[in-house]
Amino acid sequence: MRLVQGNEAIARGALYAGARFYAGYPITPSSEVAEECSVVLPRMGGMYIQMEDEIASIAAVVGASLAGAKAFTATSGPGFSLMQENLGFAVMAEVPCVVVDVQRSGPSTGLATKPSQADVMQVRWGRHGDQAIIALCPASVRECFELTVQAFNFSETYRTPVVLVADEVVAHMRESLRVPEEGELAIIDRKKPSVPPSEYKPFEADEDGVAPLAAYGSPRVFHVSSSMHGPEGFSNNDPANAARKIDRIHRKLDMHRDEIVMTRSFDADDADVLVVAYGITVRASRAAAREARSKGVNAGVLQLQTLWPFADNEIRRAAAGARRVIVPEMNYAGQVAGEVQRVLGPERDIRGVNSYNGQILWPRDILETIMA
Amino acid sequence: MEPSEQKGGGPKERFEVVLAGSGGQGLIVSAMLLCESAIREGRNVVQTQSYGIAARGGLSIAELIIDTEEIIFQQVQKPDIILALTGQAMERFAAFAEKGARVFFDTTGMTDRPGLNFLGFPFTKLAGDLNRTNAATLIALGAMVACTGMVRMDSLISAVRETFPEAAPANIEALGLGEGLVASRLREGAG
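If you're matching them up, the sequences are chains A and B in order.
All residue numbers for the first sequence refer to this note's numbering, where the first residue is 334 and numbers rise by one.
All residue numbers for the second sequence refer to this note's numbering, where the first residue is 44 and numbers rise by one.
Same shape as in the complex, but just chain B:
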């Protein structure tokens, strides 16, 4: 798991990201945090979403594109990074793993999947251990950022601080937990 590089070397300049799960899991807020982080790094962003008429439950999808160039078409077409927090979300997006997208998913409610591009972690279980079930998405965000380098972790922490001034310590702890998941997976890989 290395930070993404595009062909021809140099850091990757464009990321297309999908956060998918169930309404109420904080997917749109998470997409906004990633956008705020990228803006701090002087990059362009577009964030869109798709959802049904229920405020809680039902497939909910937040998308974002980060680019150093102008973003013309607003939707994700070739996702590089996907988060699937529910089985329904996984069904919808699993096929992109074969095309090179890295699919992060929650092993709390889903069985593990073979393949290098499927990255399963027990996000919801860990959030439960913190007694904050709603922190699962932030733990996932920490893992995704640590793994892909789509934004810098310090930018994300700064965005979290500004967005949730009062809850910042708990939220930054959740991000750190996600970052730690990736670090220990890397150690396992090396061992």
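Next comes chain A alone, as it looks inside the complex:
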């Protein structure tokens, strides 16, 4: 057991998963991820680069990944906004990579040292155009480690960018952590092509919707474009081709959604009042639900470890017997509450508990709405 900070656990998890390239621009409250990588990566034969800004950071990550490295970056608020364009490139070009977004209070520079959970929709829709993405959300230092490993595994398996959506509290918090031994957690590497170089098509998918990815510098020379492209990677404006591509980048996640969507249940199965929570707010929710049970109300918590794709089926199942569903989150609009309402329908009693002043939610805030 060691005392480990959330950001340090994210960096350690990335290295455990095989990441050997980090390019970033330090920003509170994510800077310790960069700090840790700057010390450890060079020692492991990896590469750490401090870039001139976040636009360049994600560009370098995409390039490194196409050259065969497991690559990632970490940022927050304004930096995450700057990364959107090239993150869209990674979606279009199907480049495996991991972006850590440690949410802080906005908009803009906002409250730079204070937490928030207001990037949920930006993570999903921050880029223009049709697209799909995976996002995971840790609630403890242990999950900072494990979900980062999982983020790389998903990214490599489905050839897609994955966002690890943390928040200032979980990222700066320290807890006792037993770092898993080598081999204890599964590590997945991207599918490599087996066809001869002359036959390699970088966007020709197998039955699982995912195309094997060669590395730049290997004998399989290939072209990657942010413009709409065909299986061979060159620009293609044919409507039928465009439809196939857009359909596939969605379908490759949809057809594996049961593996991707991870939730945890804390007494959610028999709950009369179900709390749907994610990130650091899970902990206040669990404390509130436990207190409610001691006062005679059957409350439970469904934790969304995967934010995107959204846990439609899991929420429907957990909420089946609940008379009320509560969604506590550190944002004004109820970004996840809106999704829960979409899943359960307009007639269901769904209540948000929202904080948007840089202050966390406390068990008493949630308990009040459970007992109301």
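Just so you know, these hints were derived from the structure itself, not from any lab.
This structure is a prediction, so every number in the text was calculated from the model and none was measured.
Relax, there's no trap hidden among the hints.
Stretches of chain A that chain B covers, calculated by requiring three or more beta carbons in the stretch to come under 8 Å of a beta carbon on chain B:
1) 495-506
2) 609-621
3) 688-701
Partial selection, computed: residues in chain B whose CB lies under 7 Å from chain A:
4) C78
5) I82
6) N87
7) T91
8) I115
9) F116
10) Q117
Ideal Cβ positions, reconstructed from N, Cα and C, are used throughout, including at glycine.
Starting from the known structure of chain A, fit chain B onto it as the hints suggest.
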């Protein structure tokens, strides 16, 4: 001043601790040392902090929870032990003394406060006597651990040794100074 006991007897299993002062006083490092000590004793810990955008100055708060059980909510809700190193920190946390928290504070910059739960010591003055102003927080840590038993002193010394191998002797001396403050206060009380 006896090591804390919870109702029903037996050693207390959960401690909620607040270290409050000014940015740059080493409050977060001190909280980490306490956590490292508790981990050595096989207990669970969570450490959080709150601070503004200045690296030096401004109210800075480090919190930790030590428990033999899983720690679900990460923040301190009912502090048992508080360290207030500045007037601003004292203002924020003094009220918890009435609810049973023991408030350790620095008499170098603050006037003494009546009440059994206010425990004032001249941490900064003593650190100045050592010519190491930044040792005040460690002196306080020594006093708090000696007084409350939230971790064992040998665990804390071991954590200090591992965290600051080169500066360990000076830091352990500071802890000892804090421990001595409590011992002499106890003697005064007995006399």
